[in-house]
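Student: Sequence:
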Amino acid sequence: MTSQPAPGTPQQPGSAQPQPPQPQQAAQPRPPATHLAFSIVSTVLFWPVGIAAILKSVAARRALAAQDLPAATAAGKSARTLAIVGTCVGAVLVLASVVMTIAATAFVVNAASTTASPSLDASETEDAVSDASIAVEDLKVGDCLALPASGIASTIEVLDCAGPHTAEVFHTFEMAGDAAFPGAEAVKAAAGKACTGEAFAQYIGAETDASGYAINYFGPTSASWSMQKRGITCFLVSAEESGELTGSARG
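Under UniProt numbering, think of the first position of the sequence shown as 1, with each following residue one higher.
List of simulated lysine-lysine pairs, DSSO-like, C-alpha gap at most 27 angstroms:
#1 140 - 193
#2 188 - 229
#3 140 - 188
#4 140 - 229
#5 229 - 193
Label pairs and their computed distance ranges (CB to CB):
#6 226 - 155: 12 to 22 angstroms
#7 247 - 186: 31 to 41 angstroms
#8 188 - 110: 47 to 57 angstroms
#9 155 - 101: 35 to 45 angstroms
What the hints contain is simulated information worked out from the structure, not anything from laboratory work.
Predicted model only: the values in this text are computed from it and were never measured.
C-beta: ideal position from N, C-alpha, C; glycine also.
All chains should be built: construct the whole structure from the sequences, respecting the hints.
Tutor: Printed below as a string of structure tokens:
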């Protein structure tokens with residue numbers, strides 16, 4: 001049996017000394033979160049609430065710097081709540097805008113398609129084929145026209161010769177000349193020479209005096225001449241007071 005030293009007896013060299021317990025350090029509390037990054041994200045989605053969240057996050061950081069943990073905790077919680085609200089509202093608004101954009105695009109495409117391809121019945125289709133406005137220089141022999149009231153136009157309405165009309169093209173030709181516009185009198189002289197006599201007689205099969213028709217023309221202007229549009233279009237009109245024709249005058 002091993003003997004134990006008596007109380008108060010000095011320890012022998014090499015024997016263990018009992019150690020007093022070490023004091024335990026208290027765990028440091030975790031600093032409250034400021035949620036600044038979350039607040040910035042919510043600002044992108046819905047800035048009115050996001051800015052308020054950022055202000056709360058900044059207040060939480062300042063409270064932390066001042067070691068005011070209760071104030072920092074309260075401000076951090078407010079920032080988180082505002083950031084959640086801003087993110088949710090922003091997400092809903094983004095989704096709504098996407099849906100509205102898709103709906104608006106579909107509506108515009110559908111409206112454009114309907115406008116570009118309207119539904120026509122048989123009578124409307126016939127009118128669309130027979131009646132059209134074209135450029136004066138594109139008129140051809142045999143076209144029946146609705147002359148404008150002013151007598152001056154760059155486009156003319158072409159009608160079905162079987163119906164009422166006010167003019168009929170019987171001859172076209174191009175004026176020769178230099179680059180400079182020869183003047184209105186030169187155009188009038190060229191038209192008077194080409195639109196009377198043989199061209200008219202061959203088309204109508206009768207002399208001008210006995211035909212019941214008068215002759216007129218469309219000629220180039222200074223502006224159209226510079227654009228190489230130098231054609232003269234001869235057309236006949238009714239010599240009657242009504243000025244209306246029905247049926248083709250071609251003989």
